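The primary structure of each chain is shown beneath.
Protein chains: 2
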Amino acid sequence: MAKTAGIVIIGNEILSGKVQDANAAYLLRELRLLGVDVKKVSVIPDEVDIIALEVATFSRQFDVVFTSGGVGPTHDDVTIEGIAKAFGHRVIRHPELERLLRSRYGGDLNEARLKLTEVPEGSVLIREDGLWLPAIAMGNVYIFPGIPDLLRQKFDSIKERFRDQPYFLRKVYVKEGEGNIAAFLHDLLREFPELMLGSYPEIRNPAYKVMLTLESKDEQYLRAALERLLAMLPGDFVHQTH
Amino acid sequence: MAKTAGIVIIGNEILSGKVQDANAAYLLRELRLLGVDVKKVSVIPDEVDIIALEVATFSRQFDVVFTSGGVGPTHDDVTIEGIAKAFGHRVIRHPELERLLRSRYGGDLNEARLKLTEVPEGSVLIREDGLWLPAIAMGNVYIFPGIPDLLRQKFDSIKERFRDQPYFLRKVYVKEGEGNIAAFLHDLLREFPELMLGSYPEIRNPAYKVMLTLESKDEQYLRAALERLLAMLPGDFVHQTH
Numbered sequence: 000m001a002k003t004a005g006i007v008i009i010g011n012e013i014l015s016g017k018v019q020d021a022n023a024a025y026l027l028r029e030l031r032l033l034g035v036d037v038k039k040v041s042v043i044p045d046e047v048d049i050i051a052l053e054v055a056t057f058s059r060q061f062d063v064v065f066t067s068g069g070v071g072p073t074h075d076d077v078t079i080e081g082i083a084k085a086f087g088h089r090v091i092r093h094p095e096l097e098r099l100l101r102s103r104y105g106g107d108l109n110e111a112r113l114k115l116t117e118v119p120e121g122s123v124l125i126r127e128d129g130l131w132l133p134a135i136a137m138g139n140v141y142i143f144p145g146i147p148d149l150l151r152q153k154f155d156s157i158k159e160r161f162r163d164q165p166y167f168l169r170k171v172y173v174k175e176g177e178g179n180i181a182a183f184l185h186d187l188l189r190e191f192p193e194l195m196l197g198s199y200p201e202i203r204n205p206a207y208k209v210m211l212t213l214e215s216k217d218e219q220y221l222r223a224a225l226e227r228l229l230a231m232l233p234g235d236f237v238h239q240t241h
Numbered sequence: 000m001a002k003t004a005g006i007v008i009i010g011n012e013i014l015s016g017k018v019q020d021a022n023a024a025y026l027l028r029e030l031r032l033l034g035v036d037v038k039k040v041s042v043i044p045d046e047v048d049i050i051a052l053e054v055a056t057f058s059r060q061f062d063v064v065f066t067s068g069g070v071g072p073t074h075d076d077v078t079i080e081g082i083a084k085a086f087g088h089r090v091i092r093h094p095e096l097e098r099l100l101r102s103r104y105g106g107d108l109n110e111a112r113l114k115l116t117e118v119p120e121g122s123v124l125i126r127e128d129g130l131w132l133p134a135i136a137m138g139n140v141y142i143f144p145g146i147p148d149l150l151r152q153k154f155d156s157i158k159e160r161f162r163d164q165p166y167f168l169r170k171v172y173v174k175e176g177e178g179n180i181a182a183f184l185h186d187l188l189r190e191f192p193e194l195m196l197g198s199y200p201e202i203r204n205p206a207y208k209v210m211l212t213l214e215s216k217d218e219q220y221l222r223a224a225l226e227r228l229l230a231m232l233p234g235d236f237v238h239q240t241h
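Top line first, the protein sequences correspond to chains A and B. Residue numbers in the first sequence follow numbering that gives the first Met the number 0, run continuously in steps of one, and reach 241 at the last position. Residue numbers in the second sequence follow numbering that gives the first Met the number 0, run continuously in steps of one, and reach 241 at the last position.
What the hints contain is simulated information worked out from the structure, not anything from laboratory work. Certain hints may be false.
Treat identical chains as interchangeable: a pair holds within one or across any two.
As the list claims (entries may be wrong) - In silico lysine-lysine, DSBU-like type, Cα no more than 30 Å apart, as pairs:
hint, residue 1, residue 2
1, K84, K38
2, K2, K114
3, K17, K2
4, K170, K216
5, K170, K158
For clarity, every value in this text was computed on a predicted model and none was experimentally measured.
Can you build the whole structure from these sequences, using the hints too?
Below you can see the structure in the form of structure tokens.
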């Protein structure tokens with residue numbers, strides 16, 4: 000079984016269409032490359048109770064959880080409070096974060112900025128080279144900022160801890176529509192029930208009509224399934240194999 | 000109270016990072032322009048029971064629900080079955096859809112393509128000019144295809160039925176960081192508790208550090224809040240107001 004993950008994107012700006020989220024797509028690509036099976040993404044508003052419920056549910060259902068957004072000094076940054084509530088913990092000021100912020104802001108460390116030192120009690124700081132502020136983990140929940148550059152920097156610095164067995168992927172581009180290949184796919188899955196098989200119509204590219212994706216963590220199994228599919232499909236159906 | 004909505008994006012290809020979803024962002028922008036308050040977006044896999052549970056929950060929690068993906072002739076298209084299960088209904092072949100598909104495919108209407116005539120029993124077909132296949136609604140759940148061009152075409156043709164009172168939006172671009180303006184925002188919200196106020200740091204554009212968004216369905220209230228904010232902020236904090 001692959002390690003499972005869930006992603007919680009927090010922010011009214013996303014739900015109201017003012018800012019387009021880029022973090023979910025980034026994390027989905029990165030986690031797949033690491034061999035992690037992301038089971039769900041949620042986009043929810045900056046509301047403590049909603050965050051608490053969603054994070055508590057995700058934390059129980061998945062091996063690891065990543066949150067994006069809602070950490071900062073202003074009124075709408077309530078992710079820390081929400082995650083603390085999910086675990087039934089208090090919010091505390093972390094002395095190490097306070098020390099780091101004091102060394103940066105000195106006398107400018109006002110009440111608003113001190114909010115950046117807050118974590119759910121029991122959180123772990125993950126210090127890695129190149130991060131001036133450590134990543135924060137509460138149980139299996141990794142708390143990231145919403146600013147894409149900062150999220151990527153933090154995720155990149157800690158991602159090796161999530162690595163699992165890789166997925167192997169092959170693609171077959173087919174010149175016939177789904178309606179003409181569905182029966183072959185059905186037969187293929189009867190022979191290879193463990194195969195992850197996707198079928199995606201393409202209406203803009205005239206060169207092919209469907210992209211098939213075949214995936215497995217077992218490279219041999221994948222190779223056998225691909226050979227079987229190519230043997231099944233009439234030769235003039237296939238545009239390309241990758 | 001604004002009309003509320005939820006969006007369920009269905010597809011292993013999204014969760015596995017192979018295809019980047021464009022439908023959520025599109026629907027979020029369009030629904031906001033219509034005055035609809037989207038409360039949640041979920042991205043879930045092509046699995047009947049997961050779809051059934053998510054759609055049932057969304058259908059209870061929100062006024063309208065939109066699904067994207069998982070409708071088509073292949074093995075991984077299980078959205079119709081999932082939504083039927085959410086409502087405890089059977090899947091049936093809709094005679095009107097069968098008639099339309101027969102007129103298009105004639106003798107090529109094989110078993111796989113007949114799957115496109117399936118709907119949860121009790122569904123309503125919404126016929127609009129320009130659609131060769133009608134949109135499908137089961138209760139308050141609108142079922143869209145995952146192909147972005149087709150989703151947009153269908154949504155666009157039926158969107159007026161969702162229109163509500165509009166949101167009014169103003170933006171203030173501020174040259175100071177969030178840590179220096181958080182207290183002003185806090186005070187503003189004490190005076191204008193109904194204001195939807197967002198604060199979004201920008202680290203790439205040197206011209207400003209934070210974009211503030213002020214929103215309300217009450218234009219007068221919004222104008223008063225904006226005036227109050229501009230009176231509070233030191234004049235040299237403000238880069239631009241839109």
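Outcome of the hint check:
no., hint, result
1, K84 with K38, "both (23 Å within a copy, 20 Å between copies)"
2, K2 with K114, "neither (33 Å within a copy, 34 Å between copies)"
3, K17 with K2, "between (33 Å within a copy, 18 Å between copies)"
4, K170 with K216, "within (15 Å within a copy, 48 Å between copies)"
5, K170 with K158, "within (27 Å within a copy, 36 Å between copies)"
The structure shown violates just one earlier hint, number 2.
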